[in-house]
Amino acid sequence: MHMSDALLSPAVGLVMCAVSAGAIAYSVSKIKEDGLDEKMVPIMGVMGAFVFAAQMINFTIPITGSSGHIGGGVLLAALLGEFPAFLTISAVLIIQALFFADGGLFALGCNIFNMGFLACFIAYPLLFKPIIKKGLNRKNIAIASIITIVVSMQLGAFFVVIETLFSGITELPFGAFVAIMQPIHFAISLVEGLITAGVLIFIHNMRPEIMQRIYPKNEIAIMHSKKVLIILILLTLFMGGFLSTFASSYPDGLEWSMEAVAGTSELEVKGLIHDASQSLQDTISFMPDYDYRSADEGGSLTGNNVAGLAGGTLTFILAAVTGLLISTAKKKSKPKPKM
Amino acid sequence: MFPGKKALQIANIKSKIVDIYMLEQLCNGNTFVHRLHPMVKLLTTVFFIIMVVSVNREDFRILTLYLFYPFVLMAVSETPYHYLLKQFALVLPLSALLGFSNIIFDTETALLIGPIELSYGVVSFFTIILKTYLTVMAALILVSTTSLQDLSNQMLRMRVPAIIIMLITMIYRYIDILLNETSIMLTAYLLRSPREKGIKISHMGSFVGQLLLRSIDRAERVYFAMKCRGYQGAVSYDSKRSLNIADYMYCVLVCSLALIFRFVDFVGLLGNMLI
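Same order as they appear, the protein sequences are chains B and G.
Residue numbering for the first sequence is 1 to 339, as defined by my numbering.
Residue numbering for the second sequence is 1 to 275, as defined by my numbering.
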């Protein structure tokens with residue numbers, strides 16, 4: 001996945017160089033602030049050389065008879081953490097570009113982003129860590145490794161396509177390019193995922209203290225409940241207030257099938273109970289059909305939004321009250337500890 | 001029993017080691033290019049690469065002028081031509097692939113040579129190949145005439161964080177050691193598996209894992225060794241070297257020629273003179 005200089009235009013190359021340089025600078029400052037740089041640099045150096053050596057090992061793929069090698073990005077992130085791993089991969093890529101002509105000098109920005117940034121800062125924290133936090137065992141390690149590596153390689157391949165297309169170098173249509181890149185990298189990443197899983201499980205079996213030091217058992221990040229609440233409220237406001245503008249006026253699935261079958265979208269029911277509940281609903285509902293009472297047939301935009309907001313707020317209040325009632329009841333039923 | 005694929009795998013690893021240290025040997029030369037200040041070499045290389053990359057496929061003939069850069073420098077620095085060509089050959093496949101796809105997809109006619117029609121696809125194919133050649137050669141000439149020590153010190157002076165510099169130098173040094181380790185493990189494995197041509201995929205986990213454990217142990221020993229020798233965080237030492245008149249002249253010459261060739265159509269003039 002190493003890109004050569006010839007595939008880039010100056011603009012795209014410079015932008016990606018700036019992005020990667022920024023990410024590197026930030027990672028360096030992060031490592032320094034924890035005071036970890038002194039201890040980490042030797043291990044980062046040897047791990048970088050290890051990735052090099054590991055990439056030299058070709059394995060035979062059973063059915064196709066061809067050979068491949070691992071990338072090592074996610075493996076590094078799993079063992080070192082995202083910031084040291086990113087710096088290590090960047091250094092490895094720089095050396096590959098300088099001494100092995102594997103990827104251009106100008107394309108370093110793109111390569112560091114595609115193979116380092118995406119793996120360490122997007123795939124690893126969002127996929128690998130949460131799965132491992134559920135429990136450090138063989139199954140989780142395997143699932144986490146495979147999923148993270150597949151996703152990070154797909155993202156990386158996708159960005160190669162985007163960077164090349166934005167540079168205007170290739171006439172290959174977007175669809176065709178993607179159709180070539182993604183499946184190949186999917187196959188490669190599956191194998192790399194399996195191997196990385198194998199390596200991590202091997203380490204977990206032989207020297208469990210290494211993995212346990214990195215992923216201690218009781219460290220589950222509980223988000224502050226106030227933050228969660230605020231986020232939920234904002235989300236509701238956003239969805240009710242803004243998104244409901246786009247509420248479709250077409251009949252929903254049920255109404256549409258009813259129309260097709262019975263010729264009308266609302267059942268007409270007769271009977272005492274139905275009449276009573278119908279009139280009850282008419283009195284209570286202060287925004288019938290999600291609109292102001294006095295609105296005309298077409299419906300009004302703000303009516304919809306206000307309805308969304310009002311509905312959201314009411315639901316929130318109901319839910320909060322329910323939760324409060326339940327927790328109060330629980331507290332009362334718990335036996336008081338004897339002093 | 002022929003050596004076959006097993007020996008090839010081990011040889012492949014060893015050849016990488018040879019490659020790295022071949023470049024290091026080349027840096028010990030004493031030609032004009034070797035004596036230039038590292039900053040000048042770094043800046044002119046980057047400038048040259050950016051100029052090459054900025055060429056559109058319509059201005060393809062400018063790239064032929066840019067060929068002077070690698071040819072002249074390789075001659076002056078006495079770099080073995082075939083060695084750099086080998087490195088270039090490794091990079092060619094992906095560029096060739098994209099070039100071929102352009103031939104397929106872009107069939108608009110670009111120019112006519114007598115009765116032969118050349119499409120934009122063909123033109124851009126050659127553009128990509130030439131650009132790859134020029135950029136790769138520029139980078140290789142840089143590293144074959146400037147030692148890693150000088151390059152690192154230069155980057156340090158340009159405010160690249162010391163951690164990165166330390167990482168690069170450490171990885172560079174340890175590649176050899178770890179490749180040797182890998183080669184030993186691979187030989188042992190292949191000697192114990194008569195019918196295998198490579199490592200079975202089911203064994204990759206423990207093979208690479210074993211290598212990883214040994215690397216981790218080695219890293220700890222390295223850390224303690226560095227501490228014993230007074231290591232207190234990433235530091236790099238540098239010997240100051242000032243710019244002289246040759247450096248300035250080289251820089252001005254290369255940058256101005258690159259700019260002139262980019263925007264003045266000398267090749268067209270030459271062609272018109274011939275015809």
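Hints may contain errors.
Claimed, not checked - Simulated coverage check for chain B against chain G, where a stretch passes if three residues somewhere in it have a Cβ under 8 Å from a Cβ of chain G:
| # | segment |
| --- | --- |
| 1 | 89 to 96 |
| 2 | 101 to 112 |
| 3 | 128 to 138 |
Because the hints were derived from the structure by calculation, they are not lab data.
Here the structure is a predicted model, which is why all the values come from computation and not from measurement.
Ideal placement from N, C-alpha and C gives every residue a C-beta, glycine not left out.
Hint by hint, here is what the structure shows:
1. Chain G is given as covering the segment 89 to 96 of chain B, and this holds because 5 residues of the stretch bring a CB closer than 8 Å to a CB of that chain, at least three being needed.
2. With a cut-off of 8 Å between beta carbons, the segment 101 to 112 of chain B has 5 residues touching chain G; three or more are needed, and the interface restraint holds.
3. Coverage of a stretch by a chain is defined here by at least three residues with a beta carbon nearer than 8 Å to that chain's beta carbons; for the segment 128 to 138 of chain B and chain G the count is 0, and the condition is violated.
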